[in-house]
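Can you make the complete structure from the sequences, with help from the hints?
Protein chains: 2
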Amino acid sequence: MRATINDVAQATGVHISTVSRTFSAPHLVNEETRNRVLEVAERLGYRPNRAARALITGKTYTIGLIVADIANPFFAPMIKAAESQARMRDYHILVAETDEDPAVEEELVRAFAKQVDGVQLCSPRMSNELIEKVSHDIPIVLINRMVSDLPCVLMDVASGARSAMEHLIGLGHRKIALLGGPRSSWTSREIRKSATAAARGTDVELTVVSPNPPTVDGGLGLAEQVAGSGVTAVLTHNDLMAVGLMEGLGSLDVCVPDDISVVGFDDIEMAQWVRPKLTTVANPTSSAARTAVDMLLQLGDDRRATAQVTLRTELIVRDSTGPVPSGSRGDG
Amino acid sequence: MRATINDVAQATGVHISTVSRTFSAPHLVNEETRNRVLEVAERLGYRPNRAARALITGKTYTIGLIVADIANPFFAPMIKAAESQARMRDYHILVAETDEDPAVEEELVRAFAKQVDGVQLCSPRMSNELIEKVSHDIPIVLINRMVSDLPCVLMDVASGARSAMEHLIGLGHRKIALLGGPRSSWTSREIRKSATAAARGTDVELTVVSPNPPTVDGGLGLAEQVAGSGVTAVLTHNDLMAVGLMEGLGSLDVCVPDDISVVGFDDIEMAQWVRPKLTTVANPTSSAARTAVDMLLQLGDDRRATAQVTLRTELIVRDSTGPVPSGSRGDG
DNA sequence: GACGCGTCTACAAGGGTTTGCATTAATAAC
DNA sequence: GTTATTAATGCAAACCCTTGTAGACGCGTC
Chain A
118 MRATINDVAQ ATGVHISTVS RTFSAPHLVN EETRNRVLEV AERLGYRPNR
168 AARALITGKT YTIGLIVADI ANPFFAPMIK AAESQARMRD YHILVAETDE
218 DPAVEEELVR AFAKQVDGVQ LCSPRMSNEL IEKVSHDIPI VLINRMVSDL
268 PCVLMDVASG ARSAMEHLIG LGHRKIALLG GPRSSWTSRE IRKSATAAAR
318 GTDVELTVVS PNPPTVDGGL GLAEQVAGSG VTAVLTHNDL MAVGLMEGLG
368 SLDVCVPDDI SVVGFDDIEM AQWVRPKLTT VANPTSSAAR TAVDMLLQLG
418 DDRRATAQVT LRTELIVRDS TGPVPSGSRG DG
Chain B
118 MRATINDVAQ ATGVHISTVS RTFSAPHLVN EETRNRVLEV AERLGYRPNR
168 AARALITGKT YTIGLIVADI ANPFFAPMIK AAESQARMRD YHILVAETDE
218 DPAVEEELVR AFAKQVDGVQ LCSPRMSNEL IEKVSHDIPI VLINRMVSDL
268 PCVLMDVASG ARSAMEHLIG LGHRKIALLG GPRSSWTSRE IRKSATAAAR
318 GTDVELTVVS PNPPTVDGGL GLAEQVAGSG VTAVLTHNDL MAVGLMEGLG
368 SLDVCVPDDI SVVGFDDIEM AQWVRPKLTT VANPTSSAAR TAVDMLLQLG
418 DDRRATAQVT LRTELIVRDS TGPVPSGSRG DG
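Order-wise, the sequence lines are chains A and B. Count along the first sequence from 1, then add 117; that gives the number in the working numbering. Count along the second sequence from 1, then add 117; that gives the number in the working numbering.
Wrong hints could be hidden among the right ones.
Where chains are identical, the list cannot tell them apart; a pair therefore holds if satisfied intra-copy or between any two copies.
Only pairs whose alpha carbons sit at most 25 Å apart, straight line, appear in this in silico SDA-like list of lysine to any residue [unchecked claim]: (1) K310 / E156; (2) K292 / M263; (3) K176 / E364; (4) K394 / D436; (5) K176 / D207; (6) K250 / W390; (7) K250 / L155.
What the hints contain is simulated information worked out from the structure, not anything from laboratory work. Quick caveat, the model's predicted, so the values are computed rather than measured.
Right, here's the structure in full:
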């Protein structure tokens with residue numbers, strides 16, 4: 118059995134409260150005593166029992182991280198970044214996944230409520246009302262979602278979408294499709310708004326196809342429709358869909374970028390390993406997760422601290438976009 | 118503040134022990150009382166405080182999952198599978214990552230010791246002695262590693278490597294390279310042993326290049342050496358290296374599979390999105406993680422239950438392997 | 001009417017910590 | 001030499017729950 122604070126106290130010949138203070142408030146204990154305690158603790162392999170500490174302080178030194186899909190290359194780096202940031206602060210990360218199901222999401226938040234110090238909700242699918250409601254039970258930081266004055270970390274996808282549109286328009290494209298993501302995705306709505314705005318007042322014809330599953334298969338399944346639609350460029354909700362789309366277009370003998378240009382979103386690692394390398398809008402996912410962890414820890418008890426951070430996105434031009442095919446030039 | 122067992126007891130007009138038993142041993146509580154308690158608990162939104170329960174029962178209902186790299190497409194599906202399996206059992210998953218550093222690994226296990234009910238160590242890099250030692254402090258299930266009689270889940274990479282070799286030999290290849298993984302990787306050693314055994318007694322010349330970082334860049338960095346070595350086929354430690362290698366060969370104008378065949382290991386999702394689609398040995402990572410969770414939960418207190426499970430691997434033939442180039446036929 | 005038995009509920013200890021307060025000892029101020 | 005003042009430590013309650021044991025109650029049996 119692992120050593121407890123009692124064992125250490127006994128072996129050192131002091132009261133347990135002195136041992137406790139040696140760790141939680143070192144300045145209150147005499148240096149000599151402190152050293153003796155530390156030495157004994159070291160020798161006995163003593164570690165404070167977090168459950169006991171949590172019981173009394175109400176702090177668990179654990180953060181809950183809720184994502185739609187743990188293995189998704191969009192979320193995985195967020196978990197990674199959050200874990201590393203949390204560990205720096207002596208915190209742990211409890212992960213759970215919702216499968217894009219708002220009900221599961223809610224249940225998870227509630228289940229976490231008494232068990233973690235705060236919850237990081239990544240691209241949540243719950244309704245605003247529900248998020249608002251559960252935020253009374255436990256400190257929450259949102260990523261990729263804005264709900265009233267709850268703390269959140271956003272990525273500036275609007276500006277990313279605008280850059281992407283400008284890039285395509287600059288290449289001469291006039292018939293462009295936007296393949297949206299899930300209905301309840303805040304990001305998807307933002308991209309749509311921004312892309313639509315970028316097309317407005319120009320001679321660009323923007324076709325919005327939405328909602329779609331944000332997966333490789335989702336993109337794959339749209340290839341035929343895209344190929345038959347006469348568009349010369351496509352902006353997808355994320356890189357996975359772009360990869361699937363390119364795959365599907367390939368098997369229809371539609372060449373990317375010669376026939377159709379494709380722009381993704383996120384800049385997941387795979388974007389540079391597919392052929393053609395994917396032009397995409399880089400999202401600062403890791404940095405968002407780190408920021409969210411810090412916000413959660415600073416939040417303390419005033420759980421409505423109104424920090425709302427927006428991080429920059431950046432268009433990464435690779436090989437999946439090119440000039441509009443000559444046959445299509447000017448016929449939009 | 119969230120409702121406690123006291124609030125529920127008071128509101129129902131029974132003793133807290135009755136409330137407790139309503140949840141932990143319902144058959145000991147009169148049905149009518151039980152229903153009243155449940156109703157009040159529901160109304161008050163009561164959830165047992167896990168910390169308090171952990172303090173007394175010693176069970177945290179949490180499993181620690183330690184991997185080298187959370188975002189790695191080899192490990193991410195394992196985390197995913199473990200989380201889903203754990204949730205089915207009303208358990209949670211605490212993740213942490215080691216960056217392939219044995220010291221971090223050890224520290225993490227120790228930090229988890231009193232905080233989780235068991236630890237799942239995925240492809241650990243610690244020494245056998247150390248694993249053996251920490252296994253006294255906390256129940257451990259190993260994945261991809263065998264240490265004395267500790268419970269573990271293995272993937273039959275040896276048979277996978279043999280299949281891969283046979284596949285290549287069947288295609289006429291006689292000069293084959295094996296790009297190994299990290300030095301401390303059990304998997305890497307197993308593959309090497311098996312591949313060497315498959316080559317023995319034949320006219321196949323197997324060149325082992327090891328150790329290497331098990332990453333895309335690791336593979337990329339070996340491209341030149343491979344291209345200049347005269348081998349016609351390569352077996353890599355994992356798919357990431359294979360992807361990197363193919364990338365590197367591509368920029369050296371070496372064509373896969375026409376000039377050189379490549380076989381990966383793991384069958385990560387990306388394997389089917391790269392071009393050419395990667396021939397690889399599929400590892401049952403998800404199933405391994407699920408099995409490990411179940412083993413951990415069944416382990417109970419006899420932490421040396423000697424279950425050692427081996428899961429089957431399977432060679433998936435795609436487009437990165439082909440017949441030996443005619444110029445090379447028979448000159449091995 | 002005393003007793004035993006089974007069913008249910010109440011009581012209270014205990015798990016490992018933190019922390020406000022009391023106590024002690026040592027030092028400083030007068 | 002007495003009294004404040006400070007520093008260091010001890011004491012004990014509290015955190016929320018589980019669980020072994022004892023008690024209350026109703027019923028049937030002799």
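Going down the list of hints, with the structure as the test:
no.	hint	result
1	K310 / E156	neither (62 Å within a copy, 46 Å between copies)
2	K292 / M263	neither (31 Å within a copy, 58 Å between copies)
3	K176 / E364	neither (48 Å within a copy, 48 Å between copies)
4	K394 / D436	both (5 Å within a copy, 19 Å between copies)
5	K176 / D207	both (12 Å within a copy, 22 Å between copies)
6	K250 / W390	neither (42 Å within a copy, 41 Å between copies)
7	K250 / L155	between (45 Å within a copy, 23 Å between copies)
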